[in-house]
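Sequence lines, in order, name chains Y and X. Just remember that my numbering sits 7 ahead of the position in the first sequence, which is counted from 1. Just remember that my numbering sits 42 ahead of the position in the second sequence, which is counted from 1.
Warning: the hint list may mix true and false statements.
To give an idea of the chain X side of the interface with chain Y (calculated C-beta under 7 Å), a few residues [as the list claims (entries may be wrong)]:
1) Gly117
2) Phe122
3) Ser126
4) Val127
5) Leu128
6) Ile133
7) Phe135
8) Pro136
9) Leu138
10) Arg295
Restricting the straight-line Cα-Cα distance to at most 30 Å, the calculated cross-link-like pairs of lysine-lysine (DSBU-like) are [stated by the list, open to error]:
11) Lys92(Y) to Lys129(X)
12) Lys118(X) to Lys129(X)
13) Lys92(Y) to Lys118(X)
14) Lys118(X) to Lys155(X)
15) Lys129(X) to Lys155(X)
16) Lys42(Y) to Lys92(Y)
17) Lys42(Y) to Lys118(X)
18) Lys42(Y) to Lys319(X)
In case anyone wonders, no lab produced these hints; they're calculated from the structure. Even glycine gets a Cβ: it sits at the ideal position worked out from N, Cα and C.
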Amino acid sequence: MIVGITARAAGTDAPVEQRFGRAPYFVFVDTETGKAESIENPLVDAAGGVGPRAVQMFSEHGATVVITGQVGGNAARALEMGGIKAYAYRGSGSVADALAEYTAGNLQLLPLA
Amino acid sequence: MKIAIASGKGGTGKSTVAANLACTLSRSREVVLVDCDVEEPNLHLFFPGSAEDVPVTTPVPEIDPARCNFCGECGKFCRFGALSVLKDRVILFPELCHSCGGCSLVCPQGAIKEVPRTIGRVACSCPLPSLTLVSGVLNEGEVMAPTVIRVAKLLAEGHPLILYDASPGIACPVIETLEGVDACILVTESTPFGLHDLRLAAEVVESTGIPAGVVINRSDGRDEETLEFCRERGLPILMTIPFSREIAAVQNRGGLICRDLPGWEERFADLFEAVVKVVGVSP
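Kindly generate the complete structure, drawing on both the sequences and the hints.
Rendered as structure tokens:
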């Protein structure tokens, strides 16, 4: 399973970014192999409509789970229709910390509808 | 002749000037007044009456599911996020679409065609014998104000004298309103805020090359800074409306000072003559 996490920098040591579509980086972690791939988000300074476009990027990378702080309305609709689950991480820890919390079952689902 | 009334700052009195100018001119000739403040049109409050609605549509993409293979090109192309391509479906956000048509051009499958979607309407009425009011109305939640403005202006086209009441600000809706006009009246008030935004609006109008002049509204008689700015920029003062409880009272009940207070019909007729002089041609 691939988990996409919004981050302020590349790598699993980077702090988690609370914003979804405007996060500087997306870190995709394959939970079976433990391999992580970091993507610089080209939408950071986009004028608008970042939510649906970010969801398309998560979908392209095969993510079925997203960990972020919060998502906007358009992103929520796209995530829901794409069957991608979004979990809230509101702590100040790293991508690895957020993933550990998720694996331990400590994260709440973000309401998408 | 086509005259736009703009300001930069909101609440300076654009609609007051537009409505009184239109009402005054309609006593002697045919006038069309176009409300281009489509996000919050309110000229109809000065001129109540039954209106005929014309819907405004804009083209948005429709995906042919038989052809789409979810390659994602349209979603990558659209900078407004109007399409999100997932593994097995395309999600459309038509309210984010700016109708550029790019998605249908980049689609390698020819799976996208454009279909009309209603985003607003234009309400046309004849509230006074020689006055036609054309009000653009953008539906709530929509972003394509310029499209509604374009249609409203199109419906007024062909008349010899058209006044356009612009929205506040200096962004796309104002640029769309200024397109093709012969003169612009900039309405300001003598406050630091009024002057700051007048500066912005004057720069925009200057860059379009449209002749312009200034109306100072709610003047307390101490307009030195505004007057100095206008002198520097070569902007003639077309009219000064004093700060007055009497004027505010007429305005606050939706009345027109050119109709309800003595002397103002003449002053708005003079405003028109001053605008004609700014343009430098006969109307």
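Subject >> Hints that the structure is at odds with (numbers, increasing) >> reply: Per hint list: 8, 10 and 18 violated.
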